[in-house]
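On the provided structure of chain H, position chain E as indicated by the hints.
Read top to bottom, the protein sequences are chains H and E.
To get my numbering, take the position in the first sequence, counting from 1, and add 941.
To get my numbering, take the position in the second sequence, counting from 1, and add 941.
Just so you know, not all the hints are guaranteed correct.
Remember, identical chains collapse to one label, so a pair may be satisfied in a single copy or spanning two.
[What the hints assert, rightly or not] In silico DSSO-like cross-links for lysine-lysine, where the CA-CA straight-line distance does not exceed 27 Å:
1) Lys1220 with Lys1091
2) Lys1155 with Lys1083
3) Lys1057 with Lys997
4) Lys1197 with Lys1220
FYI, nobody ran anything at the bench for these hints, they're computed from the structure.
There are 2 protein chains.
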Amino acid sequence: MVLTSISNALPEFSSFYHDRIQAELKEIIDGNPSALYNMLRYHMGWQDEHGRPYRKKSGKFMRPTLCLLSCQAVEGNVLQILPAAAALELIHNWSLIHDDIEDAGYERHHRPTVWKLWGQSQAINAGDAMFTLAYLGLLKLKDNGIADKKIAHSIQMLTEAVLQLCEGQYLDITYESRRNVTIEDYLDMIAKKTAALMATSTSLGAYLGSEDGKLIDSFYLFGKELGIAYQIRDDILGIWGTEDNTGKSANDISQKKKTLPVVYGLQNSNHEEGERLLKLYSQQSIQGEHITEVLSILDRLGARDYAQDLVRQHCRQALAQLGTTGLDPSRQAPLREITHFLLERGY
Amino acid sequence: MVLTSISNALPEFSSFYHDRIQAELKEIIDGNPSALYNMLRYHMGWQDEHGRPYRKKSGKFMRPTLCLLSCQAVEGNVLQILPAAAALELIHNWSLIHDDIEDAGYERHHRPTVWKLWGQSQAINAGDAMFTLAYLGLLKLKDNGIADKKIAHSIQMLTEAVLQLCEGQYLDITYESRRNVTIEDYLDMIAKKTAALMATSTSLGAYLGSEDGKLIDSFYLFGKELGIAYQIRDDILGIWGTEDNTGKSANDISQKKKTLPVVYGLQNSNHEEGERLLKLYSQQSIQGEHITEVLSILDRLGARDYAQDLVRQHCRQALAQLGTTGLDPSRQAPLREITHFLLERGY
Chain H
942 MVLTSISNAL
952 PEFSSFYHDR
962 IQAELKEIID
972 GNPSALYNML
982 RYHMGWQDEH
992 GRPYRKKSGK
1002 FMRPTLCLLS
1012 CQAVEGNVLQ
1022 ILPAAAALEL
1032 IHNWSLIHDD
1042 IEDAGYERHH
1052 RPTVWKLWGQ
1062 SQAINAGDAM
1072 FTLAYLGLLK
1082 LKDNGIADKK
1092 IAHSIQMLTE
1102 AVLQLCEGQY
1112 LDITYESRRN
1122 VTIEDYLDMI
1132 AKKTAALMAT
1142 STSLGAYLGS
1152 EDGKLIDSFY
1162 LFGKELGIAY
1172 QIRDDILGIW
1182 GTEDNTGKSA
1192 NDISQKKKTL
1202 PVVYGLQNSN
1212 HEEGERLLKL
1222 YSQQSIQGEH
1232 ITEVLSILDR
1242 LGARDYAQDL
1252 VRQHCRQALA
1262 QLGTTGLDPS
1272 RQAPLREITH
1282 FLLERGY
Chain E
942 MVLTSISNAL
952 PEFSSFYHDR
962 IQAELKEIID
972 GNPSALYNML
982 RYHMGWQDEH
992 GRPYRKKSGK
1002 FMRPTLCLLS
1012 CQAVEGNVLQ
1022 ILPAAAALEL
1032 IHNWSLIHDD
1042 IEDAGYERHH
1052 RPTVWKLWGQ
1062 SQAINAGDAM
1072 FTLAYLGLLK
1082 LKDNGIADKK
1092 IAHSIQMLTE
1102 AVLQLCEGQY
1112 LDITYESRRN
1122 VTIEDYLDMI
1132 AKKTAALMAT
1142 STSLGAYLGS
1152 EDGKLIDSFY
1162 LFGKELGIAY
1172 QIRDDILGIW
1182 GTEDNTGKSA
1192 NDISQKKKTL
1202 PVVYGLQNSN
1212 HEEGERLLKL
1222 YSQQSIQGEH
1232 ITEVLSILDR
1242 LGARDYAQDL
1252 VRQHCRQALA
1262 QLGTTGLDPS
1272 RQAPLREITH
1282 FLLERGY
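So here's chain H without its partners, still in its complex pose (with noise of 0.2 Å):
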């Protein structure tokens, strides 16, 4: 596998989709006159917390792409299915700002965040209608000419991933307080917590492009395989990723985030070590050299290196799914170029 050098920026190709997707973000989003929106849209990084126009490098609109890339890989219609694309990147943001209040983060992409400025109730109520608007956005495929059966099958999709990210927040925050999470445990939180959204991101793409039921359950794997993949980068990137690249105010460390690194370095220390790494984790909250002691103690065990190989692997078993689909290569060129870039992404 041929692998690109560290890119802060998705391939050239998706600044087409990028555009759109905004485009129909803002109309989701903007069709509605209550100042609550204000909120939705401070944190989509369209206006300042007084409601003035802001510039910020947008986020990467991941999901939505990978949705678009997957219909236009099975030949479908990528400007149809747009505010289905738009639909998945509402979801993930009702997650962001939910797990900005259940994670106590004050910041993201180095602003603060939107219950450190209107407060915890505020930010609930305001995640709560970015959550509905996502399935405002799926029903607005009706007007795009999408059939009835097609848009009640794609709200099954997308209600059963929320369904699964629901239940791998709900062990995120158990694993929190456990001393014993074993990598298993880990991978199947992810796989719930984030692997689940972008799995149904691209199987969703497939499915309003096409009929093949075959060829959607080959790109669900795909999503799901690339979806871990990208939650283990995400985990590198939290321990040694630099702060101006990953926007976030502290890292993992010493917010005690038990990502994998971690798990790994608990589960695979001699008995001294991992007693000093669940002391350091029982504190409340890591700080100045115990984050230099910790990162030693991982450094030493190759839990960095064990990581990365980890996210090779899963990018590898995406990519052999997408094989199995049979499209022409070039079908699956965008698909494959962006595989590669999570898998070194560094941000």
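For chain E alone, coordinates are given in the frame of chain H:
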């Protein structure tokens, strides 16, 4: 209009619906093996916090009951649309779980709230799962032979109601810190926060049971007026009801809720009383003789009678809307009876 005496139970006939709604809800929630759903079962009153069976007076199932009665009134098949009725109850309970966090409510029906037992993070996520299951409920209509077109439109109706609910909740939180909330502002807020879902309960029942568009509009307006009356009656009980009836640990005065009687009081008091009320409502919480003082100001201004007059007025408008359906009086009778119950209910 004949008034029934104060009552703590829905009319007799509704127990037929109650058991079936409960069974449908259990089927939707129990279909999922994750331990996440234990929090939902606890909230619904089916088990205690350790997962042991629990018997309590279960919820009134007001919204699903209205949905089924409306379906029956238009000669629809009540058993066929049970999953839609359950979906309305799930949406209502999502809003309760999140409201309890947003209002920092410690108890509901004499039991600790979900966030009080499992923490805010798990409770936000449990609410999100409850929300998602509502959509799964609507999708279950397919198993009962409802056409995709009707399912998609039902989802549209519910989604629009939920957006209004979020907008109403946004206003409600905003009003907490605003001095000058008018009765008009307040009625606008409850129309969104409470009445939209009641209106959707009645209109969804009528929609799934019939094809007549004009009929559905009348049912929407019937439910909306009923919802406004229901909320104002709730406001009265929140101040003058006993804890035993309402199941809440503290009344709306101590929690400084600016419900209709208080908004009326602020708007109709002389300068001195108005300033005194505002001062009392600017405290951290209102306790002891300050509660008595608020009650005495509200009583002197006739706030309770004003509020109950409004309840009566909206109930009358609800019945007028029901009258415009032109349905046989015997078909309207259960809905009329439930309207009378809501007018004077003691819990």
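How the hints compare with the structure:
1. Lys1220 with Lys1091: neither (52 Å within a copy, 57 Å between copies)
2. Lys1155 with Lys1083: both (25 Å within a copy, 23 Å between copies)
3. Lys1057 with Lys997: Close inside one copy (19 Å), not across copies (38 Å); limit 27 Å.
4. Lys1197 with Lys1220: Result: close within a single copy only, 11 Å intra versus 44 Å inter.
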